[in-house]
Amino acid sequence: DAKTTQPPSMDCAEGRAANLPCNHSTISGNEYVYWYRQIHSQGPQYIIHGLKNNETNEMASLIITEDRKSSTLILPHATLRDTAVYYCIVRVTGTYKYIFGTGTRLKVLA
Amino acid sequence: GAVVSQHPSRVICKSGTSVKIECRSLDFQATTMFWYRQFPKKSLMLMATSNEGSKATYEQGVEKDKFLINHASLTLSTLTVTSAHPEDSSFYICSARGGQGAGTNQPQHFGDGTRLSIL
Chain A
11 DAKTTQPPSM DCAEGRAANL PCNHSTISGN EYVYWYRQIH SQGPQYIIHG
61 LKNNETNEMA SLIITEDRKS STLILPHATL RDTAVYYCIV RVTGTYKYIF
111 GTGTRLKVLA
Chain B
15 GAVVSQHPSR VICKSGTSVK IECRSLDFQA TTMFWYRQFP KKSLMLMATS
65 NEGSKATYEQ GVEKDKFLIN HASLTLSTLT VTSAHPEDSS FYICSARGGQ
115 GAGTNQPQHF GDGTRLSIL
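Sequences listed follow chains A and B, in order.
Residue numbers for the first sequence follow this note's numbering, beginning at 11 and rising by one.
Residue numbers for the second sequence follow this note's numbering, beginning at 15 and rising by one.
Just so you know, the hints here were simulated from the structure itself, not pulled from any lab data.
No residue lacks a Cβ here, since even glycine has one placed at the ideal position from N, Cα and C.
None of the hints are false.
Selected chain A positions facing chain B (Cβ under 7 Å, derived; list incomplete):
#1 Gln52
#2 Pro54
#3 Tyr56
#4 His59
Only pairs whose alpha carbons sit at most 30 Å apart, straight line, appear in this in silico BS3-like list of lysine-lysine:
#5 B:Lys80 to B:Lys69
#6 B:Lys56 to A:Lys79
#7 A:Lys62 to A:Lys107
#8 A:Lys107 to B:Lys69
#9 A:Lys107 to B:Lys80
#10 A:Lys107 to B:Lys56
#11 B:Lys78 to A:Lys107
#12 B:Lys55 to A:Lys117
#13 A:Lys107 to B:Lys34
#14 A:Lys117 to B:Lys56
#15 B:Lys55 to A:Lys79
FRET-style restraints, in silico, Cβ to Cβ:
#16 A:Thr66 to B:Glu77: 41 to 49 Å
#17 A:Thr112 to B:Asp41: 27 to 35 Å
#18 A:Gly25 to B:Ser32: 45 to 53 Å
#19 A:Thr75 to B:Glu77: 36 to 44 Å
#20 B:Leu40 to A:Thr103: 28 to 36 Å
#21 A:Asn29 to B:Lys56: 21 to 29 Å
#22 A:His50 to B:His21: 13 to 21 Å
#23 B:His21 to A:Leu90: 25 to 33 Å
#24 A:Asp77 to B:Ser29: 50 to 58 Å
#25 A:Lys117 to B:Lys56: 12 to 20 Å
#26 A:Glu24 to B:Asp79: 48 to 56 Å
#27 B:Ser29 to A:Gly25: 48 to 56 Å
#28 B:Gln43 to A:Ile49: 23 to 31 Å
Only chain B is shown next, with the shape it has when bound in the complex:
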C-alpha cells in the first residue's frame, strides 16, 4: 500500500518551455502533497505544501509564479515549471500523506522523482 506515482521520470526540454510533472497517490487519498527539489549530492529541499482544493503554500525563496502547483483532487497534484531555464534543471520529487484525525502521524510516501534537464 501507500504507493505514489510520479510522471514523467525524466524530461529534457529546450529553454523557455513549460514542463508539467504529475504526482498521483494510487491507493490512498492524499489530503496533503509536498514538492521537493534535490541537487546532485545534496539533500531534499522542500519547495511547497499542497492541500487538496486550496492554494499551495510555498517555502521562503521559492517563486510561486515559476513553480505552479495544482492539487485539484485527492489523488493528483501537479507541478508546472514555467518558462524553464537551465538553472531549473534538477531532480523534483513529490510526496503524499493521507487522512486526518487518528492518522495524523502517518508518514509521507514519496514518488520516484522527475529528472528535469533544460538545454
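Just chain A, same shape as in the assembly:
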C-alpha cells in the first residue's frame, strides 16, 4: 500500500501558485519524500525531493512540516503546461521501491 495520501484533484488559475498537499504520517526518520508529475501518456517526471529541510529548485518548492508527517509542493506560478497528475512518494522502508498512490490531478485553468 502507498504510504502517502493526496487529494484526488485540484484546480488552479494560471499564474497563481499551486499548493499540492501530501500526508505521509507513517514516514520514518531517514526516509525522503519524492515528488513527480505525469503528463498524459508520458512517464513520470521527477520534480524534487527532500528529507526535512525545505527545498527549492527551478521547478518547484517543497515544504516539509517539522514533524515530517506532511509536505506541500508549491508551483509558484502555474502555467497550462503544469496540468498533470502529481505524485508524492515515500519509498518502501529498507528498499529503493516506489509504491505509487493515486496522486492529485491538477488542472490549471486559463
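Chain A is fixed; fit chain B onto it per the hints.
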C-alpha cells in the same frame, strides 16, 4: 542529466507474439531499474525490480515467466512480454536509479513508456 530512454514507444502485435521493450540510462550507470505497468486512468503499479547482473525480483501476482526481465549491463534492462495476449495490453514504464553509498537517496528517473496493444 539523468535521462532514461525507452524503446519502442508504441507497439501493436498479434496475439501470441513475444514483445521486447528496452530501457536505457543514457548518462548514468543504473545499478537498479524498475518496471511498472499502468492501466488507463490508474496509477503506476510496480511489476519488478531489476539489479544489474542478478535475477529480477517480482512483485506479488506478477508472473515471472510471462514478463522476462534481463539487466545485463549498467545501462540496459529489457522486459519481454512472452506470448502476449490482449489482456497484456497496457502502458509499460521503466525507471532507473544509479549509484550506491552517498547517493542512496537519489531519485528514480523514468522513461517515457511503451504503449503495448495486442490484437
